[in-house]
Every structure is written in structure tokens, then in C-alpha cells.
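Chemist: Respectively, the protein sequence lines represent chains H and W. For the first sequence, this note's numbering begins at 1 and goes up steadily by one. For the second sequence, this note's numbering begins at 1 and goes up steadily by one.
It is possible that part of the hints are untrue.
With the C-beta cut set under 7 Å, the calculated list includes, among others, these residues of chain H facing chain W [unchecked claim]:
1) Leu3
2) Ala9
3) Ser23
4) Gln30
5) Thr41
6) Phe45
7) Arg55
8) Thr59
9) Gly95
10) Met96
No farther apart than 25 Å at their CA atoms in a straight line, the calculated lysine-lysine pairs in the BS3-like style are these [to be verified]:
11) W:Lys136 <-> W:Lys21
12) H:Lys65 <-> H:Lys117
13) H:Lys6 <-> W:Lys139
14) H:Lys39 <-> H:Lys91
15) W:Lys139 <-> W:Lys275
16) H:Lys6 <-> W:Lys136
17) H:Lys201 <-> H:Lys242
18) H:Lys236 <-> H:Lys201
19) W:Lys15 <-> H:Lys6
Restraint-style ranges between C-beta atoms, simulated for each label pair [unchecked claim]:
20) W:Ser179 <-> H:Phe21: 30 to 38 Å
21) W:Phe71 <-> H:Lys35: 40 to 48 Å
22) H:Val260 <-> W:Leu30: 26 to 34 Å
23) W:Met155 <-> H:Val13: 55 to 63 Å
24) H:Glu36 <-> W:Lys21: 39 to 47 Å
25) H:Phe17 <-> W:Asp235: 19 to 27 Å
26) H:Lys259 <-> W:Gly190: 31 to 39 Å
27) H:Thr240 <-> W:Phe71: 51 to 59 Å
No wet-lab data here; the hints were simulated from the structure. Predicted, not measured: the structure shown is a model, and the values here were computed from it. Just so it is clear, CB atoms sit at the ideal spot from N, CA and C, and this is done for glycine as well.
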Amino acid sequence: MTLTSKPLAALVVVILFGGIFFSSALGWWQTESTKEAAKITSGEFAGQANPADIRGSYTFGDAEKNFAVPAAVLAEAFGIQDSNPAAFAVKGLEGMYSTSGQEIGTSSVRLFVAFYKGMPYDLSTDIYLPESAATILRTRTLNSEQAAYLAAHTVPNPGAAPATSAPQTAPQTVQATQTPSAQPTPKAGTPSASSTDRTVKGTTTFVDLLGWGVSQATIEKVLGTSMPAAQVTKIKDYCTEKGLNFETIRPALQAEVDKVK
Amino acid sequence: MITLFGKRIRLFRPKSIWIRKVVQWGFFILIALISVNRALAESGGVSIPFLANASLHAVCPFGGVETLYQFVTVGTFVQKVHQASFVLMIISLLLAILFGPVFCGWVCPLGTIQEFVSNWGRKLFRRRFNHFVPDKLDKVLRYLRYGVLAWVIYMTAVTGTLIFAEYDPYFALFNFWSSEVSIIGLVILGMTLGLSLLVERPWCKYACPYGAVLGITNLFRVFGIRRNESTCKADGACSIMCPMNIPVDSKTVVRDHQCISCLECTSEAVCPVAKTVQFSTRVALRGAK
């Protein structure tokens, strides 16, 4: 049997598109990942979604679905000013932080999620986080190794003032080029009490509430006003600022926390 | 027909396989649209619905090869590679078993752009074009792409990431505006296009890992380039015209791992004698003898 160019052209096109059509009919033609992170197969966290499997194509919303880390918290951590943080694609971070001096991208989100969830993460490579992310993580449970790593791998947010002029309430930012031993002692293993016992107290922040699964809409409904842009703000401080009675707000918020337990 | 010294001589004008160009540019435009469409979709702009979700990685069959090790050992795909790449790899392999690396010669947009640039090189350097590399060196360099293939598979298996994307000129070609493309990818693309002025398909000949995979099928493909020795006038036209510099006139069956099944050497194109160099099965050649 001999083939000339025209039948060969037809066969190439038909087999190629026919194959795609056939595979599509069988449900095999998938041009996007399922956005379901692979599960950890062994150890203490077996069965849980693996932060190391977060991909650049994930949105903060996908990360929220997989890891129960609110998209709003991720947006706060990485300085995303977006009305819909759930739609922000993780791979967009690299462009945003291109002038930070250190790469902040998908691996930073993986690290943040792992630390936020109190999960172990391979710290053999240098992964950097912006100061805003480090601030949130310092309110979470970190072991001494994680805290030291965080202290040595934090870079200022783009456009942020130098660390020396940072507000007193924020932990001191450290440059990655400095040695960890030269840094102030991080809050290793000393998370805010409220972040572990899920009790709304004077030290509880909005990040804590979001982390416990209380939605932004619910919080705002209880407050009767919108949440602050800086979600690391203590609720008590915000209530004082807005002229609200914290002792009235606190039990209402606690009731919402208890609902999602 | 012309008359020369009283004899009527039929002039032979080699034809090009024009339908191949149509198919090649059709796929080039399709891939370009998919890539642009993806960028538009990601930026929240207007996009073509059918193409909206396809990334460039999803429509590259080499992704299937890259993820093969992880798929077999872990059951998952390497990051950025999707099931569609796997499907395309299987379809391309089926095509290659039947017809050889037609994916390279008829579909691959990187091959198309190299051929396009080579048209200028052919005009610039005429007969020297595609003959700059000394034969001995050329023969050794032709196996370099198997080294690239081994490196890509090993590094992808070790790192679990799509390591080749950083160096891939195909990815750089259709994403040159994106921050996802590395400088080295753009440099390799530039070098490939620059060398295409001197050599036909330099990337395919010396570096393409997917061409290395598909090239193996030339050893056993069902349809192949076959030369009928009994009618061959040994004018060497087929060898001169071959973009991959294969000495077709010295073979009865082309099993060279570099053949891309472009049909430019056949009697339909450059060979002046009918039914002498054909793309056929073994049975057809026996019948012709």
C-alpha cells in the first residue's frame, strides 16, 4: 500500500483530532488539574492534603478548599489587595514580588500553608515569606525549628518601611542575609492562647477567627461593620477603635466559633 | 518540454508537498491561539470558550513522556502536566508506529518555524545551506538528542518538576511575553532560529528529546520511505532535498532515526522518476519490483 501526501495529511489530522474526540468522550481529555492536592500517605498527617502539592495554577480559593486556610488569610499573608482573593492564582505572586530580592511564589504558599496548619515541611531549601505572612504565622503553633527558619527567611513586603520603623506591635522583620542566631528570639512554641483553645479573648485576632472557620460575612454580621484591612488586628483593639463593646461582641463571636467546631 | 540540440527534453521541476505546509501552519496557528487564549483567560479578558482551559503544557505530547516515570511509580502527573498530554503522547506514538515521526514533520510548530526561517537561509547560502556542519561531527551530534532525552527524564524523575520547561524553545516560542518563560529558554529559542539560517531544523536534528523518542519508530514503522532500485536513476535528488540530510539514494528502505516522514524526497516531490521513491508498506514495494 502506498500513501501520497494528501491521504497522509488527512490521516494525520483525522487520527489526531479523532483521538482527542474519542478520549474526550471517555472523559480522559483533561487539560487542567483537578485542583485536588495529593494526600499524605504516612505519618501523623496521613490522609490530609499535602501542602507540597499546591501548584501555581491553584487559586487561593483552591487552597482554601484543600487545606481550610481561608483565602482572605492567604491574601492578607501575601499582601493581595483584591476584592475576590479566592480567585487569585498562586503563580501571580512571583510577578508581584519580583523586586523583593528573594523568590516568593508557589513554594512560599506551600510553606505558609504547612506552617499555618502546623504540618511538617521540608526545610532543606531556602523558601522565603513576606513579613505579612510571617506576622500571621507567629500567631500560630510553630516548633523551634520552624520558628527559627521563619525568622531567617522573611523579607519585607514590597514598599514596606524598613524594619526599624515597623510598629512596635509587629514582630521585628529580619533580612534573609542575616544569620538566624543574630535575630530576636521568635515566639517558638508560644502561639496566642486563643489560637489553640479556640476561645475568643482580648488577644484573638481576625486571622484566628478566619482560621477557625468563621466566615468573613459572619464576623461582619456580628460586628455590624466591615472587618479591618489588616486582619492581624486584635478584635478587642478594633472594637475599641470602632466604639464597640468588646464584652458584648465576644460572646457572640464565641457562639459562631462554637458553631463551626 | 524543451528542444535542445534537436532532442526534445522534458524538464523536471521538483514540487513541494504543499499540503504539508497547510497542515503545519494550521497546527501552528491553533497552538498560537491556544496560548494567547490562555493568557487572555488568565488575565480575565475575553477568551474563546472551546480553548479557554487548555494550557500549552496540556497540548504538548512530550509532557506525557516526561511524566511517565512518576505516573508508573506514584500514579500522579508531574506538576503542570495534565492527562491531555498523556493522551496526545499515545496518539502521537500510534501515528509514529504507522507513519514514523509525522508529528515532527507535519504537526510540531517548532519544526514549522524552523523551516520558515530556513527558507531565508536557503536563499542566502544556496547550495552551502544545510551543509555547514562537517559530516563526522554531524554524525556524532545527531545522537546528542538521546542524551538530552535521558537528562530530561532523569531530572524530571528526581525533582518531580517539569524541569525542561525552562529550556524548552517550544514553550518559549508561544509564551515569550509571559513571565513564566526563562531567559535561557528565550536564548535557546533565539539560537535555534538563528541556526535555522544555516541548518535545516537544527533543534530537531541535535537536541529535541521528543524527536529522539519518535525517531526510534523509524526502525519498525508500518509505512516508510522506500526506494525502488530497479527504476532509480541515482541522480541523488532525494538525498539533496532531504531536510534531515539522510542519504536516501543509498538505501532501499529509510530506517534512519532522523527521518520525519515529510515526503519531500518522494516521487511526488523531488524524485523525477514516477513510483521510485514512495511512502509505502513493504508489500507495496514488493509489488512494484
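Chemist: Each of the hints needs a verdict: does it hold here or not?
Modeler: These are the hints, each one checked on the structure:
no.	hint	verdict
1	Leu3	holds, 5 Å
2	Ala9	holds, 5 Å
3	Ser23	holds, 4 Å
4	Gln30	holds, 4 Å
5	Thr41	violated, 10 Å
6	Phe45	violated, 18 Å
7	Arg55	holds, 5 Å
8	Thr59	violated, 11 Å
9	Gly95	holds, 5 Å
10	Met96	violated, 10 Å
11	W:Lys136 <-> W:Lys21	violated, 31 Å
12	H:Lys65 <-> H:Lys117	holds, 14 Å
13	H:Lys6 <-> W:Lys139	violated, 32 Å
14	H:Lys39 <-> H:Lys91	holds, 22 Å
15	W:Lys139 <-> W:Lys275	violated, 30 Å
16	H:Lys6 <-> W:Lys136	violated, 36 Å
17	H:Lys201 <-> H:Lys242	holds, 17 Å
18	H:Lys236 <-> H:Lys201	holds, 8 Å
19	W:Lys15 <-> H:Lys6	holds, 14 Å
20	W:Ser179 <-> H:Phe21: 30 to 38 Å	holds, 34 Å
21	W:Phe71 <-> H:Lys35: 40 to 48 Å	violated, 19 Å
22	H:Val260 <-> W:Leu30: 26 to 34 Å	violated, 48 Å
23	W:Met155 <-> H:Val13: 55 to 63 Å	violated, 34 Å
24	H:Glu36 <-> W:Lys21: 39 to 47 Å	holds, 43 Å
25	H:Phe17 <-> W:Asp235: 19 to 27 Å	violated, 39 Å
26	H:Lys259 <-> W:Gly190: 31 to 39 Å	violated, 60 Å
27	H:Thr240 <-> W:Phe71: 51 to 59 Å	holds, 57 Å
Checked against the numbered hints given earlier, this structure breaks hints 5, 6, 8, 10, 11, 13, 15, 16, 21, 22, 23, 25 and 26; the rest are met.
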